[in-house]
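First to last, the protein sequences are chains D and R. So the mapping is simple: this note's numbering equals the position in the first sequence, first residue as 1, plus 223. So the mapping is simple: this note's numbering equals the position in the second sequence, first residue as 1, plus 422.
No wet-lab data here; the hints were simulated from the structure. Think of the CB as a built atom: it goes at the ideal place given N, C-alpha and C, for glycine as much as any other residue. One should not assume that every hint holds.
[To be verified] Partial list, computed: chain D residues near chain R (C-beta under 10 Å):
{"hint": "1", "residue": "ASN225"}
{"hint": "2", "residue": "VAL228"}
{"hint": "3", "residue": "GLY310"}
{"hint": "4", "residue": "THR316"}
{"hint": "5", "residue": "ASP471"}
[Claimed, not checked] Computed cross-link-like contacts, DSS-like style, restricted to lysine-lysine with a CA-CA straight-line distance of at most 25 Å:
{"hint": "6", "chain 1": "R", "residue 1": "LYS738", "chain 2": "D", "residue 2": "LYS314"}
{"hint": "7", "chain 1": "R", "residue 1": "LYS666", "chain 2": "D", "residue 2": "LYS456"}
{"hint": "8", "chain 1": "R", "residue 1": "LYS738", "chain 2": "D", "residue 2": "LYS480"}
{"hint": "9", "chain 1": "R", "residue 1": "LYS808", "chain 2": "D", "residue 2": "LYS249"}
{"hint": "10", "chain 1": "D", "residue 1": "LYS423", "chain 2": "D", "residue 2": "LYS456"}
{"hint": "11", "chain 1": "R", "residue 1": "LYS661", "chain 2": "R", "residue 2": "LYS738"}
{"hint": "12", "chain 1": "D", "residue 1": "LYS291", "chain 2": "R", "residue 2": "LYS661"}
{"hint": "13", "chain 1": "D", "residue 1": "LYS454", "chain 2": "R", "residue 2": "LYS870"}
{"hint": "14", "chain 1": "R", "residue 1": "LYS621", "chain 2": "D", "residue 2": "LYS454"}
{"hint": "15", "chain 1": "D", "residue 1": "LYS249", "chain 2": "R", "residue 2": "LYS621"}
{"hint": "16", "chain 1": "D", "residue 1": "LYS291", "chain 2": "R", "residue 2": "LYS738"}
{"hint": "17", "chain 1": "D", "residue 1": "LYS263", "chain 2": "R", "residue 2": "LYS661"}
{"hint": "18", "chain 1": "R", "residue 1": "LYS808", "chain 2": "D", "residue 2": "LYS480"}
{"hint": "19", "chain 1": "R", "residue 1": "LYS602", "chain 2": "D", "residue 2": "LYS264"}
{"hint": "20", "chain 1": "R", "residue 1": "LYS808", "chain 2": "D", "residue 2": "LYS416"}
{"hint": "21", "chain 1": "D", "residue 1": "LYS456", "chain 2": "R", "residue 2": "LYS531"}
{"hint": "22", "chain 1": "R", "residue 1": "LYS666", "chain 2": "D", "residue 2": "LYS263"}
{"hint": "23", "chain 1": "R", "residue 1": "LYS602", "chain 2": "R", "residue 2": "LYS531"}
{"hint": "24", "chain 1": "R", "residue 1": "LYS666", "chain 2": "D", "residue 2": "LYS226"}
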Amino acid sequence: MNKIVSKEFLSDNVVKLEVDAPLIAKSRKAGHFVIVRVGKKGERVPYTIASADPKKGTITLVIQRVGKSSRKVCELNAGDYITDLVGPLGKATHIENFGTVLCAGGGVGIAPMLPIIEAMKKAGNRVISVLAARSKDLVILEEQVRENSDEVIVMTDDGSYGQKGLVTEGVEQVLRHKKVDLCVTIGPAVMMKFVSLTTKKYAVPTLASLNTIMVDGTGMCGACRVSVGGKTKFVCVDGPEFDAHQVDFDEMLMRLKAYN
Amino acid sequence: MAMNLLSENLNLMSEHLQSERAQPWREELRKSIKNKERTEFPRVKMPELKPEIRSRNYGEVNIGLSLEQAMGEARRCLDCVSPSCITGCPVEINIPKFIKNIERGEILKAARTLKEASALPAVCGRVCPQERQCESQCFYTQKLKKEAVAIGYLERFAADFERESENISIPEVAAPNGTKIAVVGSGPAGLAFAGDMAKAGYEVRVFEALHELGGVLRYGIPEFRLPNEIVDVEIEGLKKMGVKFETNCIIGKTISQEDLRADGYRAIFVGSGAGLPNFMNIPGENLIGVMSCNEYLTRVNLMQAADDESDTPVYKGRRVAVIGGGNTAMDAVRTARRLGADEATIVYRRSEEEMPARIEEVKHAKEEGVKFLTLHNPIRYEGNEKGQVQRMLLQRMRLGEPDASGRRKPVAVEGDELWVDVDEVIVSVGVSPNPLIPSSFSGLEVTKWGTIVVNPNTMQSADTHIFAGGDIVRGGATVILAMGDGRRAAKAMNEFLKSGTVG
Ligand SMILES: Cc1cc2nc3c(=O)[nH]c(=O)nc-3n(C[C@H](O)[C@H](O)[C@H](O)COP(=O)(O)OP(=O)(O)OC[C@H]3O[C@@H](n4cnc5c(N)ncnc54)[C@H](O)[C@@H]3O)c2cc1C
Ligand code: SF4
Ligand code: FES
Chain D
224 MNKIVSKEFL SDNVVKLEVD APLIAKSRKA GHFVIVRVGK KGERVPYTIA
274 SADPKKGTIT LVIQRVGKSS RKVCELNAGD YITDLVGPLG KATHIENFGT
324 VLCAGGGVGI APMLPIIEAM KKAGNRVISV LAARSKDLVI LEEQVRENSD
374 EVIVMTDDGS YGQKGLVTEG VEQVLRHKKV DLCVTIGPAV MMKFVSLTTK
424 KYAVPTLASL NTIMVDGTGM CGACRVSVGG KTKFVCVDGP EFDAHQVDFD
474 EMLMRLKAYN
Chain R
423 MAMNLLSENL NLMSEHLQSE RAQPWREELR KSIKNKERTE FPRVKMPELK
473 PEIRSRNYGE VNIGLSLEQA MGEARRCLDC VSPSCITGCP VEINIPKFIK
523 NIERGEILKA ARTLKEASAL PAVCGRVCPQ ERQCESQCFY TQKLKKEAVA
573 IGYLERFAAD FERESENISI PEVAAPNGTK IAVVGSGPAG LAFAGDMAKA
623 GYEVRVFEAL HELGGVLRYG IPEFRLPNEI VDVEIEGLKK MGVKFETNCI
673 IGKTISQEDL RADGYRAIFV GSGAGLPNFM NIPGENLIGV MSCNEYLTRV
723 NLMQAADDES DTPVYKGRRV AVIGGGNTAM DAVRTARRLG ADEATIVYRR
773 SEEEMPARIE EVKHAKEEGV KFLTLHNPIR YEGNEKGQVQ RMLLQRMRLG
823 EPDASGRRKP VAVEGDELWV DVDEVIVSVG VSPNPLIPSS FSGLEVTKWG
873 TIVVNPNTMQ SADTHIFAGG DIVRGGATVI LAMGDGRRAA KAMNEFLKSG
923 TVG
């Protein structure tokens with residue numbers, strides 16, 4: 224049982240929860256995720272850790288209300304308890320001074336992108352962030368991203384904020400003019416697929432953080448498997464980050480629909 | 423030297439057995455019925471739920487013997503001078519002693535006899551492959567060519583009787599010695615280890631990655647074979663002995679090896695199991711509807727996906743194929759029937775004789791309408807436009823020469839292939855050791871298969887303060903072996919912590 228310390232709405236459908244989890248707060252690194260279960264009949268669902276405060280002993284999760292399970296989490300309030308929370312899971316992001324790093328985050332993917340942006344900046348990289356969302360109110364955590372980036376481009380589908388257009392257009396703008404050493408992308412699978420196709424054109428090495436269906440999150444079931452370079456990998460233990468140019472996104476998109 | 427010790431131990435053991443056997447009550451009982459008469463009683467039949475009913479619900483299939491049936495079956499045991507059954511038992515339960523206690527109606531004493539050697543008799547009575555262990559070595563099987571004494575049924579009976587009588591004996595616990603011990607994993611190895619160390623006065627804490635305790639006993643083996651309640655009672659017993667449990671805690675991730683040391687844990691027992699599912703790496707294996715046995719059983723057992731109120735979904739195919747011939751495969755295929763499959767088929771590349779599953783599970787599966795397609799092996803799956811599996815291509819096989827394990831090797835009959843329609847495939851072709859501990863701990867020696875290397879007598883690893891047992895040491899093995907490892911490790915660790923040396 225983990226207590227929710229505070230709750231904040233980042234937009235109508237996106238909630239930020241600060242949760243009491245001292246051990247995880249201490250051991251987690253950028254890129255790690257947790258598995259959350261709400262209620263005795265609840266499902267085990269992965270969420271990336273957006274930030275952590277080891278002194279306070281809390282971690283922060285940013286959750287978009289999309290289905291039954293995320294709704295259950297979003298309905299919890301400060302003072303309520305999460306039934307089960309386990310982590311940190313997955314491999315941490317490999318952080319070093321690559322030179323220039325392009326971070327492309329879409330929708331709630333911006334939340335897990337943030338700790339990577341921070342860590343990349345701290346390691347001495349020049350960080351260019353492209354944030355994309357359907358409309359203005361879905362562009363979350365912009366301020367924190369700006370604080371840690373040398374340059375920020377905001378794209379919205381409907382043009383209600385920043386430039387009108389898809390994330391790939393923002394990414395391409397950067398790639399056309401600048402030498403980028405690494406691209407990191409987190410967001411909906413379709414978005415990552417197209418970011419990956421774009422960076423491939425420019426031969427820029429790219430990492431995608433995959434969000435497949437999971438059950439245990441510890442390598443025990445294989446529900447999370449994806450094909451990377453023709454080999455089957457388990458996202459929860461071998462990932463969640465993989466060389467995007469090797470990921471079979473079409474298969475991943477298909478598998479995400481398994482229970483729809 | 424080692425050999426001398428071993429034979430000395432054997433002598434000591436048989437001396438002990440003989441003095442027990444010489445007790446007046448045993449002698450009297452032996453005289454009460456002539457052996458000839460004993461061998462003429464037929465073996466008891468386990469009362470079972472009817473196949474038509476059980477193949478649609480989750481009630482335990484074996485109902486259990488009545489007191490009368492158990493006492494009747496116990497009469498068949500000849501209380502042999504050299505009880506060969508014990509040599510077949512991995513933890514050397516004093517089998518005639520417990521059975522003779524049943525014969526004279528002292529069921530609680532029988533239960534206590536079991537507990538002298540086994541930490542989980544109610545579990546082992548249900549899931550041990552008795553036909554390959556104690557019962558295969560029974561005088562009846564070996565010499566009389568008759569059906570063995572139903573040792574497994576009797577074991578289960580005595581353990582259940584004790585539980586239901588609410589007279590469970592909580593073992594005596596030594597005065598606390600203040601030494602903290604950490605256990606990684608709450609499967610049978612970890613539970614057995616924890617119990618023995620608590621008895622010896624240690625402060626034991628078990629860390630479990632999942633949100634429920636029991637390891638495979640919880641997430642793997644279905645309720646129709648091992649009701650959750652049985653596992654709960656065992657865990658409650660350990661709690662009463664002072665063992666502490668922490669779920670949702672992954673050693674190596676949530677807490678590191680160094681953290682444990684800094685927190686004052688003097689030694690660690692690793693019982694982290696072989697939880698990683700193997701796949702066959704054939705085309706189409708990532709189609710929707712193809713999944714590992716672990717995924718399928720975890721959804722149903724741990725996440726209760728069959729319950730309409732559960733948020734966890736599970737695929738409910740009409741034509742389900744389960745690839746493999748072990749206990750795991752039988753559990754999956756029988757679960758598929760219970761989830762409504764019209765056709766549930768075992769696809770196995772050898773013949774039925776080579777199947778590693780318990781004979782009783784194969785029998786139960788057949789009674790429940792499961793089909794067996796032996797000497798077939800899948801080589802490809804194909805799906806529809808949505809990526810859902812629709813059919814599989816099977817290769818016909820035949821048995822060739824015996825391989826290293828002594829089993830005849832399956833070889834492909836070239837060119838002999840056939841397509842079979844399916845809408846769900848469950849891959850149950852073995853598991854690999856859980857890599858979490860081997861990859862995050864330093865100081866361990868790990869084999870190329872990912873198992874932890876230990877001294878087989880003491881279960882001590884290359885790091886003298888880390889012991890390990892169960893599937894993480896053996897690869898996929900059995901509950902009884904895991905439990906035995908846990909007990910052996912406890913004994914050796916206790917010695918080591920007291921004297922600084924083991925064995
Ligand atoms: C479906 C199925 C049916 C079976 N049927 C039979 C049968 O009929 N008879 C039989 O004898 N055997 C059977 N087996 C095999 C038997 O269950 C195993 O051999 C036995 O459970 C192994 O015990 P263990 O304690 O080594 O590990 P497990 O039971 O696998 O338990 C290991 C536990 O450790 C936890 N863990 C792993 N890593 C960590 C970590 N880093 N930190 C914290 N926790 C961790 C895991 O979550 C798990 O709960 C079956 C297995 C399966 C899967
Ligand atoms: S070998 Fe069979 S008959 Fe003899 S003591 Fe063991 S169970 Fe009884
Ligand atoms: S979620 Fe089960 S193996 Fe990755």
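Of the numbered hints stated previously, which ones are contradicted by the structure, given in increasing order?
The structure conflicts with hints 2, 4, 6, 7, 9, 11, 12, 14, 15, 19, 21 and 23, although it agrees with all the remaining ones.
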